[in-house]
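In order, the protein sequences belong to chains A and B. For reference, each letter of the first sequence is one residue, going -9 to 320 in our numbering. For reference, each letter of the second sequence is one residue, going 1479 to 1905 in our numbering.
If you're looking for bench data, these hints aren't it; they were derived computationally from the structure. Accuracy of the hints is not assured; some may be wrong.
In the DMTMM-like style, the derived pairs of lysine to aspartate or glutamate whose C-alpha atoms are separated by at most 20 Å in a straight line are [stated by the list, open to error]:
1) B/Lys1595 <-> A/Asp60
2) B/Lys1834 <-> B/Asp1849
3) B/Lys1886 <-> A/Glu175
4) A/Lys176 <-> B/Asp1880
5) B/Lys1885 <-> A/Asp174
6) B/Lys1678 <-> B/Glu1744
7) B/Lys1905 <-> A/Asp60
8) A/Lys176 <-> B/Glu1744
9) A/Lys76 <-> B/Glu1658
10) B/Lys1785 <-> B/Glu1703
11) B/Lys1755 <-> B/Glu1658
12) B/Lys1886 <-> A/Asp174
13) B/Lys1680 <-> B/Asp1749
14) B/Lys1782 <-> B/Asp1849
15) B/Lys1905 <-> A/Asp81
16) B/Lys1899 <-> A/Asp82
17) B/Lys1905 <-> A/Asp82
18) B/Lys1885 <-> A/Glu175
19) B/Lys1899 <-> A/Asp81
20) B/Lys1823 <-> B/Asp1765
21) B/Lys1823 <-> B/Asp1600
22) B/Lys1620 <-> B/Asp1600
23) B/Lys1631 <-> B/Asp1608
24) B/Lys1905 <-> B/Asp1708
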Amino acid sequence: MAAYLLTLSHWLLTGAAVLVLMLAVYGLLKALKARQVTAVGYALVLPWLLGFLIWQIYPFAYSFYLAFTDYNVLQPPQWVGLANFKHMFFDDPRFWPSVRLTLLYSFLSVPLGMIGALGTASLLAQEVRAVGFWRTLYYVPSVLPAAATALLWRFMFAGTGLINTFFSPVYKLLHIAPPAWFSDEKLVLPSFVIMSFWGVFGANTVILLASLKNVPKELLEAAEMDGASPWTRFARITVPMISPSLFYVMIMGIIAAMQNFTAPLFINTPGGAGTFLSVYIYQQGFTQFKMGYATAVGWFLMVMILILTVIVWKFSAAYIYYEGETRKGD
Amino acid sequence: MKRGTKLFASLLLTASLGLTACSGGGSSTPTQPGAGGGPSTAAAKVKIRLATWVGADEAKELQGVIDKVNAKATTYEIVSEPIPADYYTKIQTMIAGTTAPDLMWLGAEYMAPYASKGALLDLTDRLPKDSRAAAKVDDYFKPVMDAAQWNGKTYGLPWIAQPVILYYNKALFKAAGVPEPTDDWTWQTFQDAAKKLTDKSKGQYGTTFNGWPPVQMFIWQAGGEVISPDLKSSPVDSPEAIKGLEFYSSIIYNEAVSPARNVISEQGTGDMFKKGKIAMIFGGAADDLDRAPGLDVGVARVPKGPKDRTTFAWTASTAISAQTKNPQQAYDALVDLTEGVQNWKVLAPRKSMATKEQIIKSDPRKEKAADVIIKAAADMRAFRVVPRHPEWDTTFFEQLQDPLYSKKGTAADLAKAVRPKLEALLK
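Sequences and hints are given; from them, build the entire structure.
In structure tokens, the structure reads:
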């Protein structure tokens, strides 16, 4: 109880200090002859700004510093210059396989996932009975915790699991042994890609569905009257009209795929064949006492994501059609 | 009006500075003895935080032990802080954030890494002056006490040692007409029996290896070492070590004696044994394998290797954080608590406590196994741990064991290739 009151008093004091700081900022700005709205505005965003500086900017900047240090968590960091990056690029036998796995996973899972999400969204955009029920059903997977779905998929991919049981007649017909999925080094990547489809039926489908619903009907009707086939209408009208959403889904998909963490953390694979870069960072930092090196790899991952995003962004002008919104207002 | 605003601003600024200073100073309050005491305890008792990895049920048992210790204590009060998941991640984060618990459980493989990084309080000078039984270093089994020491100094008191013993399913032995394991068993007898006890068509296997028991045990039994006594070399390519590695890889995932890798990863070796699908399994002395419902389980010492019958023992110690603000009280609590925990866990790693009566007192369910456990205790050995142990262990597994078990190379070739890499991590 005493400890609780002490914590509570700290809490209240911090709150009071922030409040006083807000008033001080207001007073200071007024004294500097700032306009009333400006002074009030800055005073009101101050709590958020403080939080942003303390909990976002500071760790971000500090991790940049840590990337150039030898930091085992238990002792203060030691400056080592570029040693972490040298080790990463030239000496670490586990780094490049992990980069390769992460990149291949992104290149495979993002396009396949987008096709899946678009297909699902197109189906859900149809005027069918109980469409609300179907839409809810397809959104449910994204409500489940990632750790639980990882375990679920591990059971499904087991040697005598759901997937192998379901396909056992096919295996028998083709005279092949049931695949070992996550237990087979060569099948680890395909297994993760298949598993990634799970993520398709969630936010992405909802975004694309909303976007599909916004495609002006007049355009589709006009094309139909001109004798355009359903495929032509889809490829020439629907896809260009929803391209901004597709672009958004792609960028977010790439970022999420590059940071794939929960599932590979929960699924054991032979010889570390399923060690994605995020998992590798976690292992290095928390189980190998190499937090400095882990932050260096973290920064490498960030730069890699940044480069990929910039590339996708640069090419976006070629295939994204942004006029939909202005036309609607006509 | 303007002047008024200015005055107001400067007043506020001063006030805010004062308040921040106040709240900053306030944070030092809880370190003062008795500040968090509460009404029920005397003000003189210092709170000693204890971090453990116990789950819900075990936490209740531990609390019972702690309550007894606290009742007798005059200078401290132990507060249990169980961390059942991500234990070491959390401990390391707390140390980095300077909020480390005063006492913490550490598995043997963490002692040297933590001690070498200055995270633990050195107990070397305090222990000889202490007359309490749990503080007598000589009473501990030497290999177990070694695991709590680094660089000639003692950093913790071991509270458990679990020598590996062999659990076997008597019904399966009878059905296959194989005589039950005795002290005469060697690697050869074990292998032959495992073969006879395997019936793949029934999904029944003689034994199982799966990275457990650790391959080190068999390397030791053959007279080899993975880390030399001076901690400077890793002679994994010595003829003795190769013998151990080859024996291990002749059993693991070999379906003539043991289940395949995917079967193990799906069904779990412990569960397979409890379901009567495995005839012989290696387990820690305190494991629940001998009380599977409907199963008549016998226990035996591990089979003898070419040199001796060394058995691996997992051990853990309680250590004091170097950050503790009350080293004396923390030390007192450590010794009292260790005595309490040693009277609760099997096997208490002290020679004077390795008796049948003590084992039955701590865990009546281990009565049948007690004799075997006591004999095994004489043969037990823990890992030699180095400051960079996690890296060393990862390399040892990923570049020697894993490729060996997946038949990607011979023991001799792989061991020769990995040795310099392992030794680089010892420097």
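Hint-by-hint comparison with the structure:
With a C-alpha separation of about 13 Å, the suggested pair B/Lys1595 and A/Asp60 falls inside the 20 Å cut-off, and the hint holds. Taken as a hint, the B/Lys1834 and B/Asp1849 pair is honoured in the structure, with Cα atoms around 7 Å apart against an allowance of 20 Å. A hinted pair counts as satisfied when its Cα atoms are at most 20 Å apart, and B/Lys1886 with A/Glu175 qualifies at roughly 13 Å. With a C-alpha separation of about 15 Å, the suggested pair A/Lys176 and B/Asp1880 falls inside the 20 Å cut-off, and the hint holds.
Only pairs whose Cα atoms come within 20 Å are accepted, and B/Lys1885 paired with A/Asp174 is accepted, the gap being roughly 14 Å. For the hint pairing B/Lys1678 with B/Glu1744, the CA-to-CA distance comes to about 17 Å; that is within 20 Å, so the pair holds. Between the alpha carbons of B/Lys1905 and A/Asp60 the distance comes to roughly 16 Å, so the proposed pair stays at or under 20 Å and holds. For the proposed pair A/Lys176 and B/Glu1744, the alpha carbon gap of about 18 Å is at most 20 Å, so the pair holds.
Restraint check for A/Lys76 and B/Glu1658: not satisfied, since their Cα atoms lie roughly 57 Å apart, outside the 20 Å limit. The straight-line distance between the Cα atoms of B/Lys1785 and B/Glu1703 is roughly 12 Å, inside the 20 Å bound, and the hint therefore holds. Between B/Lys1755 and B/Glu1658, the direct Cα distance comes to roughly 17 Å. Compliance with the 20 Å bound is thereby established for this hinted pair. Of the supplied pair hints, the one linking B/Lys1886 and A/Asp174 holds, its CA atoms being roughly 14 Å apart against a limit of 20 Å.
For a cut-off of 20 Å, the pair hint linking B/Lys1680 to B/Asp1749 stands: about 16 Å separates their Cα positions. Between B/Lys1782 and B/Asp1849 the CA atoms are separated by roughly 17 Å; this keeps the pair inside 20 Å, and the hint holds. Note on B/Lys1905 and A/Asp81: the hinted pairing holds, with a Cα-Cα distance of about 17 Å set against a maximum of 20 Å. Among the hinted pairs, B/Lys1899 with A/Asp82 is consistent with the structure: their alpha-carbon atoms are about 12 Å apart, no more than 20 Å.
Note on B/Lys1905 and A/Asp82: the hinted pairing holds, with a Cα-Cα distance of about 17 Å set against a maximum of 20 Å. Proposed proximity of B/Lys1885 and A/Glu175 is supported: the alpha carbons are some 13 Å apart, at most 20 Å. A threshold of 20 Å between alpha carbons decides the hint, and for B/Lys1899 with A/Asp81 the separation of about 11 Å falls inside it, so the pair holds. Restraint check: the Cα-Cα separation between B/Lys1823 and B/Asp1765 comes to about 11 Å, which is no more than 20 Å; the hinted pair holds.
A hinted pair counts as satisfied when its Cα atoms are at most 20 Å apart, and B/Lys1823 with B/Asp1600 does not qualify at roughly 25 Å. Annotation: proposed proximity of B/Lys1620 to B/Asp1600 holds, straight-line Cα distance about 18 Å (limit 20 Å). For the hint linking B/Lys1631 to B/Asp1608, the alpha-carbon distance of about 16 Å falls within 20 Å, and the restraint holds. Among the hinted pairs, B/Lys1905 with B/Asp1708 is consistent with the structure: their alpha-carbon atoms are about 12 Å apart, no more than 20 Å.
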